[in-house]
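Colleague: Below, each chain spelled out in residue letters.
Protein chains: 4
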Amino acid sequence: MGKGRLEAFSDGVLAIIITIMVLEMKVPHSDTLASLQPLWPVFLSYVLSFVNIGIYWNNHHHMMHAAHRVNGAVLWTNALLLFWLSLVPFVTAWMGENHFAQWPVILYGVVLMMAGISYYFLAHCLTGLHGDDSNFTRALGKDEKGIISVVIYAMGIGLSFIHPLIGFGLYVLVAAIWFIPDKRFENKEKEE
Amino acid sequence: MGKGRLEAFSDGVLAIIITIMVLEMKVPHSDTLASLQPLWPVFLSYVLSFVNIGIYWNNHHHMMHAAHRVNGAVLWTNALLLFWLSLVPFVTAWMGENHFAQWPVILYGVVLMMAGISYYFLAHCLTGLHGDDSNFTRALGKDEKGIISVVIYAMGIGLSFIHPLIGFGLYVLVAAIWFIPDKRFENKEKEE
Amino acid sequence: MGKGRLEAFSDGVLAIIITIMVLEMKVPHSDTLASLQPLWPVFLSYVLSFVNIGIYWNNHHHMMHAAHRVNGAVLWTNALLLFWLSLVPFVTAWMGENHFAQWPVILYGVVLMMAGISYYFLAHCLTGLHGDDSNFTRALGKDEKGIISVVIYAMGIGLSFIHPLIGFGLYVLVAAIWFIPDKRFENKEKEE
Amino acid sequence: MGKGRLEAFSDGVLAIIITIMVLEMKVPHSDTLASLQPLWPVFLSYVLSFVNIGIYWNNHHHMMHAAHRVNGAVLWTNALLLFWLSLVPFVTAWMGENHFAQWPVILYGVVLMMAGISYYFLAHCLTGLHGDDSNFTRALGKDEKGIISVVIYAMGIGLSFIHPLIGFGLYVLVAAIWFIPDKRFENKEKEE
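Just so you know, the protein sequences line up as chains A, B, C and D, in that order. Numbering-wise, this note's numbering puts 80 at position 80 of the first sequence, and it's gapless, one number per residue. Numbering-wise, this note's numbering puts 213 at position 21 of the second sequence, and it's gapless, one number per residue. Numbering-wise, this note's numbering puts 528 at position 144 of the third sequence, and it's gapless, one number per residue. Numbering-wise, this note's numbering puts 768 at position 192 of the fourth sequence, and it's gapless, one number per residue.
Since the hints were derived computationally from the structure, they do not count as laboratory data. Be aware that a few hints might be false.
[Stated by the list, open to error] Each pair of labels, with its calculated beta carbon distance range:
| hint | chain 1 | residue 1 | chain 2 | residue 2 | range |
| --- | --- | --- | --- | --- | --- |
| 1 | A | Q37 | B | H221 | 14 to 24 angstroms |
| 2 | A | F43 | B | G196 | 53 to 63 angstroms |
| 3 | D | H739 | A | Q37 | 20 to 30 angstroms |
| 4 | C | L549 | A | F43 | 42 to 52 angstroms |
| 5 | B | V364 | A | G4 | 25 to 35 angstroms |
| 6 | A | M155 | B | A226 | 21 to 31 angstroms |
| 7 | B | I339 | C | L428 | 24 to 34 angstroms |
| 8 | C | D517 | B | H260 | 30 to 40 angstroms |
| 9 | D | F755 | C | T511 | 14 to 24 angstroms |
| 10 | D | I724 | A | F161 | 26 to 36 angstroms |
| 11 | B | F371 | C | R453 | 38 to 48 angstroms |
| 12 | A | G128 | B | G196 | 27 to 37 angstroms |
| 13 | B | G320 | D | G745 | 36 to 46 angstroms |
[Said to hold, decoys possible] Listed next, the in silico DSSO-like pairs over lysine-lysine satisfying Cα-Cα at most 30 angstroms (straight line):
| hint | chain 1 | residue 1 | chain 2 | residue 2 |
| --- | --- | --- | --- | --- |
| 14 | D | K579 | B | K195 |
| 15 | C | K387 | D | K579 |
| 16 | B | K337 | A | K3 |
| 17 | A | K145 | A | K3 |
| 18 | A | K3 | D | K579 |
| 19 | C | K410 | D | K602 |
| 20 | D | K721 | C | K387 |
| 21 | D | K721 | B | K218 |
| 22 | B | K218 | A | K26 |
| 23 | B | K218 | C | K410 |
| 24 | C | K529 | A | K3 |
| 25 | C | K529 | C | K387 |
| 26 | C | K410 | A | K26 |
| 27 | D | K602 | A | K26 |
| 28 | B | K195 | B | K337 |
| 29 | C | K529 | B | K195 |
| 30 | C | K387 | B | K195 |
| 31 | B | K195 | A | K3 |
| 32 | D | K721 | D | K579 |
[Stated by the list, open to error] Okay, the calculated bits of chain B under chain C, using three or more residues with CB under 8 angstroms as the criterion:
| hint | region |
| --- | --- |
| 33 | 195-202 |
| 34 | 212-225 |
| 35 | 272-281 |
| 36 | 288-300 |
All values derive from a computational prediction rather than experimental measurement. Where a beta carbon is used, it is the ideal one built from N, C-alpha and C, also for glycine.
Modelling step: build the complete structure from the supplied sequences, incorporating the hints.
Modeller: Following this line, the structure appears as structure tokens:
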């Protein structure tokens, strides 16, 4: 019931988020190679966010593929996830333009942590809907990666008060953990 | 006939509206936490509009799911709804940047009221097409929430002439009323 | 063959065109009603373009619904149509910001005329693919409206050299002609 | 498995890239024909990028249509392709605003060459997944056009150090080579 359109709407929002971020990279007025140099932090910030949104799309794709049904709670936790992800272009630009300064790095982490918590809620709404004993729930398992990510984000936020690069490094670590696609659902799909 | 593509086009437009609104939150040049403070009204404005567009998507999703057919009148009332919703990023930014001043709050209400009226037209075009005795029409019922919303918006517009925060409060009230997903269609879907 | 994805891609592009045009309406810094007044030509320009893109989506929807197949020529004439329509936000903004001055009105007409010619090419590629004796070709008929539109656009461009408002009036006339949905395909769909 | 949603997400991203590029053509404040003249290099740059993105969409469309399955590697090489293509609006604007100066032309070539290499990876991930003896792999053949494109891009980048217009000419040549739709998959589709 309505799963297809939820996927389509989420795809649309994620596709727009991932694409409009590039608009924050302001085109330099000069034509020299040197004029690109100040853009490096903005570009690095863009790459990290592109990978993060790509990871969310990928995992969302696998999770929704395994789901058989959606309900009102799923629609709204999905909207909550999209809300936090919609703030990614803003925090990406703020972090990039300020060369990974403390507060921008902290806010970037807060937005990603909230997205992680929303994703966790979404997964658990789907588990509740499908039942503890369903194929979906067995495929999802304990969702350790989701919990670990949120914990690392929280650590990254805290340690950014010492030095923002520690925070940034931990955000990259979370992306690296998730970069490996979620085998749980992929395996389940193969079995079907 | 063509229902799928109407849904896809509407999803696309709603996904873009909900996402480009974030571009109106201008990234501050300073990296201090204090530099974010002037953005609070813009952010609050963004949250309200995100919730409103989310509600429209949600209800549109449920209503179109229950519909079996569309015709020219449905396509054009749907376009009218999308037209008014396409103005939401503009009025959201105007209201946020001017800290909920009188005229921006009034215009925000006018745009949402017109969207509400368009949605009402769309619902009634679909009712006319499906017939008074159809499952669709029974599921839609008297559409009290739709009528109440338009009335509250009109009140909000009028009372903003006394103080804009009364208007803003009433717009939040409408969002709260709709936040609960439309049980009518959801129940009907379960029966099928 | 591939018709679904052509529709999806075209829907995506049209949805983005229709939505990003609103970004050209710059939010005024003042909160007075008077500060909105200079936006009237931009708004009027936006409304005309919204209606025009809506008409193209509507007719494209009906025509592709009737089509059974696409080939390389259809993909490229469709891309040509999308190219001209992608310039609509630019000419809309130029025309609106310059209060319907001569050259902006002429260029607006040129872009819409080129879009009209591209649509004509697209229709005829589809006719060629389906054969003269197909249901598709019978439904399309002589495509008088398409030819008339291009002629009126050409007249509008020419008469704008006398006064741009004559041109603008003729563009509105074309929109009015097309506003009535294309009954040919709708009837054909009913017969099926 | 999941092919439909991969196509939908890619379509969304490509549709947004192709459409937001037009936002880089800044609307002139004057209403004279002469005020459009400085936009010619930006427009020419836009046309080339529109054609290039159109070509990628077209070939992606044909290749994914022939594919029967996707896996994690396909999802990520597809994301890599979208990443490089997402930089096209940036390099298009930089090249156009600087009237095809040396470094912008070189960077434009680098981004397109990386997109070409990513497309090659994507094709070969799909070949690996479908097996050497599959219909898919037979349809793809040796992918000479893909390899030739990357070689011409590399030549264009190198020769831009002599004169950027040689580079630009070679990029146009690649577009011309691909403009002819990929007959391999089209023929295969007809046989099915």
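Colleague: May I ask which of the numbered hints given earlier this structure violates, with the numbers listed in increasing order?
Modeller: Structure breaks hints 2, 10, 13, 21 and 24.
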